[in-house]
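Trainee: Same order as they appear, the protein sequences are chains A and B.
Reading the first sequence from the start, the letters are residues 0 to 144 in our numbering.
Reading the second sequence from the start, the letters are residues 10 to 127 in our numbering.
Simulated from the structure, these hints should not be mistaken for lab results.
Even glycine gets a Cβ: it sits at the ideal position worked out from N, Cα and C.
Keep in mind that the hints are not guaranteed to be accurate.
Stated by the list, open to error - No farther apart than 20 Å at their CA atoms in a straight line, the calculated lysine to aspartate or glutamate pairs in the EDC-like style are these:
1. B:K35 with A:E74
2. A:K26 with B:D67
3. A:K25 with A:E74
4. A:K29 with B:E115
5. B:K97 with A:D132
6. B:K97 with A:E32
7. A:K53 with A:D109
8. A:K117 with A:E97
9. B:K35 with A:E32
10. B:K97 with A:E74
11. A:K22 with A:E74
12. A:K113 with B:E30
13. A:K113 with A:E97
14. A:K21 with A:E81
15. A:K29 with B:E118
16. B:K97 with B:E118
17. B:K35 with A:E81
18. A:K54 with A:E110
19. A:K26 with B:E118
20. A:K68 with A:E97
21. B:K97 with A:D108
As the list claims (entries may be wrong) - Pulled from the structure, derived: some chain A residues nowhere near chain B, Cβ distances all over 10 Å:
22. T14
23. L15
24. N18
25. Q19
26. K30
27. I60
28. E85
29. I114
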Amino acid sequence: MFLLNLGESNFDELTLLANQCKKLNKKQYKKIELFGRMATFLITNTLKSESEEKKLTGNQITVVSLFIKILNRAESIILTTERGIEADAILLLRGLIEQIIMLKLCCDDDENYKIYVKKAFLAQKGTVNELLDKKIINIKIIYVI
Amino acid sequence: MKFERITKEFDINKKDIINIEVLARKAGLYDIYAQHYRMFSDEAHSSYTTLQGYLLIDRENNLITGIRHRNIDNSHNINNTLIAFLGKAIGYYTMYMQLGNIEIPEEIEKEFKKAWII
């Protein structure tokens, strides 16, 4: 169910975006269109393969969610470069590479998804602690989170 | 409550804060990360933004008469790096999912071999 909810996001938009962008070369356009088609095929197949009998493991779920995140980020990079906001596009690229490093780690070993969970959790906890120190939020709200 | 449950399940301590460089070394992608570090570092980023414009100065009267922006179009390089990394991500994903017995149709596989990804 978790993956089906993720699947509702439009990852097919990569090919649609490539059609609209004027700053892409013919080579770049062809490659991005191919990536979009390949990505949609891969994700639809993984969604099909998930059933009640054969449930995906924690590592597989993190790999799929990271892959969808990477695709969404790629869309945003194409849009920002199209609008001429290159400084922001470079910042987005930095995040994309960090996500690819995590993807490679998760692909290498089935236990590595725990690193991703730990990293995400500690980042979340760090922000909450900072907000508490600056007295922006109360302790009562933490229980809601 | 949610935090407590997760900390028990994954044994999370403050010592577990992991730097991205360490993770890159572990994944075997440190070379690529170091290659693009200049693009990501804050110093390079700030110098890049200052290079985009320069001041027009009237030296006799010590006055700034205007600011001119250079039209540097760097979108080509950004798109190329994006394509390279996106190809890698799709490559890793296909390799991982092939272990889960997902067959790729021949048409797409041929196109991928042409694009030097698989």
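Trainee: Each hint needs a verdict: does it hold in this structure or not?
Mentor: Going down the list of hints, with the structure as the test:
1. B:K35 with A:E74: Answer violated: K35 of chain B to E74 of chain A is near 28 Å, above 20 Å.
2. A:K26 with B:D67: Violated, because 46 Å separates the two Cα atoms, which is more than 20 Å.
3. A:K25 with A:E74: The given pair, whose Cα atoms are some 18 Å apart, holds under the 20 Å limit.
4. A:K29 with B:E115: This hinted pair holds, its Cα atoms lying about 18 Å apart.
5. B:K97 with A:D132: Violated, at roughly 41 Å.
6. B:K97 with A:E32: holds (15 Å)
7. A:K53 with A:D109: holds (17 Å)
8. A:K117 with A:E97: Given that 20 Å is the threshold and the Cα spacing comes to 15 Å, the pair holds.
9. B:K35 with A:E32: The hint is violated at about 32 Å.
10. B:K97 with A:E74: holds (16 Å)
11. A:K22 with A:E74: holds (14 Å)
12. A:K113 with B:E30: Roughly 18 Å separates the two Cα atoms, so the pair holds.
13. A:K113 with A:E97: holds (16 Å)
14. A:K21 with A:E81: Holds - the C-alpha atoms of E81 of chain A and K21 of chain A are around 7 Å apart, at most 20 Å.
15. A:K29 with B:E118: This hinted pair holds, its Cα atoms lying about 15 Å apart.
16. B:K97 with B:E118: holds (15 Å)
17. B:K35 with A:E81: violated (35 Å)
18. A:K54 with A:E110: holds (17 Å)
19. A:K26 with B:E118: holds (18 Å)
20. A:K68 with A:E97: holds (11 Å)
21. B:K97 with A:D108: With a Cα-Cα distance of about 17 Å, the restraint between K97 of chain B and D108 of chain A holds, given a limit of 20 Å.
22. T14: Check passes; 13 Å lies beyond 10 Å.
23. L15: Non-interface label stands for L15 of chain A: nearest chain B Cβ at 16 Å, farther than 10 Å.
24. N18: The claim stands: N18 of chain A keeps its Cβ more than 10 Å from every Cβ of chain B (closest is about 15 Å).
25. Q19: At about 14 Å from chain B, Q19 of chain A clears the 10 Å cut-off, so the statement holds.
26. K30: violated (5 Å)
27. I60: The claim stands: I60 of chain A keeps its Cβ more than 10 Å from every Cβ of chain B (closest is about 12 Å).
28. E85: Violated, since 5 Å does not exceed 10 Å.
29. I114: Nearest chain B Cβ is 7 Å from I114 of chain A, so the label is violated.
Hints 1, 2, 5, 9, 17, 26, 28, 29 from the earlier list are contradicted by this structure; the remaining hints agree with it.
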